[in-house]
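Participant: Position chain B relative to chain A; hints supplied.
For reference, the chains in residue letters:
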Amino acid sequence: MTNPVTKDRRHFEDLAVGEVIELGATTVSKEMIITFAREFDPFPFHLDEAAAKASLLGGLASSGWQTGALSLRMLVDSFLSRVASCGGLGFKDLKWKNPVMVGDTIGGTVTIAELRRSASHPQWGIVTLDFDVRNQRHKPVLTMRLANLVECRDPEPAA
Amino acid sequence: MTRWFEDIATDETFPLGGHTFTAEEIIRFASAYDPQYFHIDPELARHSHFDGLVASGWHTVCVGHRKMVDALFAEEERLRRQGQEPGVSGPSPGVNAMEFKAPVRPGDTVSYELLVTGKRPSNSIPGWGLLFNRLTATNQRGELVYRADLVGFSKLRDYRMPLRLRLLLALTRVPVIGALIKRGS
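Protein chains in written order, with our numbering: chain A, 1 to 159; chain B, 1 to 185.
In isolation and in its complexed conformation, chain A is listed as follows (with noise of 0.2 Å):
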């Protein structure tokens, strides 16, 4: 049955193995730090800019969900809103390079480095991302591999 939503959006059919994909940028404000970590990640390094000096981390810096969180945004924005995604299986090996300090801008790319059918459901097909997500200085902020579920347009490809 053909889903409304996703018909005429890019399927796993359509993606290329070395697709690299821009996610443009997005500049993290104190407010923006601030109010994630009231709700998610209160450590005094993430809301109060004395404490965040006297951190491991230098200074007032997001939480590393939150720049996991904006990366996602950036990666939905860019691409997954133009795929027929039907959600994420996961992520592995993400590091937290850098800190994300007020003020700074945070964009990259990510790459498409794996397609594979599904071998129990062959209606869809799984996309594996590599996040690689840099400050205003090209400093790298954030590595991950990220894999999600993708419709087929076709499940049964011809052999």
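Fair warning: there could be bad hints in the mix.
As the list claims (entries may be wrong) - Straight-line Cα separation of at most 30 Å, DSBU-like style, residue types lysine-lysine; simulated pairs:
{"hint": "1", "chain 1": "B", "residue 1": "K155", "chain 2": "A", "residue 2": "K95"}
{"hint": "2", "chain 1": "A", "residue 1": "K7", "chain 2": "A", "residue 2": "K53"}
{"hint": "3", "chain 1": "A", "residue 1": "K7", "chain 2": "B", "residue 2": "K119"}
{"hint": "4", "chain 1": "B", "residue 1": "K155", "chain 2": "B", "residue 2": "K119"}
{"hint": "5", "chain 1": "B", "residue 1": "K155", "chain 2": "A", "residue 2": "K30"}
{"hint": "6", "chain 1": "B", "residue 1": "K101", "chain 2": "A", "residue 2": "K53"}
{"hint": "7", "chain 1": "A", "residue 1": "K139", "chain 2": "B", "residue 2": "K101"}
{"hint": "8", "chain 1": "A", "residue 1": "K30", "chain 2": "B", "residue 2": "K101"}
{"hint": "9", "chain 1": "B", "residue 1": "K101", "chain 2": "A", "residue 2": "K92"}
{"hint": "10", "chain 1": "A", "residue 1": "K53", "chain 2": "B", "residue 2": "K155"}
{"hint": "11", "chain 1": "B", "residue 1": "K119", "chain 2": "A", "residue 2": "K92"}
{"hint": "12", "chain 1": "A", "residue 1": "K97", "chain 2": "B", "residue 2": "K155"}
{"hint": "13", "chain 1": "A", "residue 1": "K53", "chain 2": "B", "residue 2": "K119"}
{"hint": "14", "chain 1": "A", "residue 1": "K139", "chain 2": "A", "residue 2": "K53"}
{"hint": "15", "chain 1": "A", "residue 1": "K97", "chain 2": "B", "residue 2": "K101"}
{"hint": "16", "chain 1": "B", "residue 1": "K119", "chain 2": "B", "residue 2": "K101"}
{"hint": "17", "chain 1": "B", "residue 1": "K119", "chain 2": "A", "residue 2": "K95"}
{"hint": "18", "chain 1": "B", "residue 1": "K119", "chain 2": "A", "residue 2": "K139"}
{"hint": "19", "chain 1": "A", "residue 1": "K30", "chain 2": "B", "residue 2": "K119"}
I should point out that these hints are in silico values taken from the structure, not numbers from a laboratory.
Facilitator: Okay, now just chain B, sitting in the frame of chain A:
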């Protein structure tokens, strides 16, 4: 947990409590960070294989992180009440693996649990150790929601030689005590 690195036992499990997800907060989180139709639009979500609104996996993970932070703060309080100085947790270098297993729907209650699977002193930051934690999230039907292998920094209590020397030096400047230390040495 907010104990000194040396006091953390591996294979120890910490229950972190539960959280009930509402449609409102699922949509609010996803609108900011993961605006895919099955996370933000209950009507369109019925066309997805989820057959309805589900929380972004990252949302369930961020709530799990909050639960862990709350447990750390509670442990810190408990140690202070017992007259002990709590340890210090630091930022995390990363996540080795995160697997989303069962979707979270409005009204679902997710319970979180942390297991310390291993620890070692950090090679890159002197005075700190690395903790390897497995976080599991389970719904009210006992289904696994996600499983994460996390890494965290924790401060070493016994890395204190320079501090002790500084303290001894300070004490020698105090009248009487300073004289006693000098006489003793």
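Participant: For each hint, tell me whether it holds in the structure or not.
Facilitator: Comparing the hints with the structure gives:
no.	hint	result
1	K155/B / K95/A	20 Å, holds
2	K7/A / K53/A	50 Å, violated
3	K7/A / K119/B	48 Å, violated
4	K155/B / K119/B	12 Å, holds
5	K155/B / K30/A	27 Å, holds
6	K101/B / K53/A	38 Å, violated
7	K139/A / K101/B	33 Å, violated
8	K30/A / K101/B	34 Å, violated
9	K101/B / K92/A	14 Å, holds
10	K53/A / K155/B	17 Å, holds
11	K119/B / K92/A	20 Å, holds
12	K97/A / K155/B	20 Å, holds
13	K53/A / K119/B	27 Å, holds
14	K139/A / K53/A	20 Å, holds
15	K97/A / K101/B	27 Å, holds
16	K119/B / K101/B	26 Å, holds
17	K119/B / K95/A	18 Å, holds
18	K119/B / K139/A	29 Å, holds
19	K30/A / K119/B	33 Å, violated
The structure is inconsistent with the numbered hints 2, 3, 6, 7, 8 and 19, although it conforms to all the rest.
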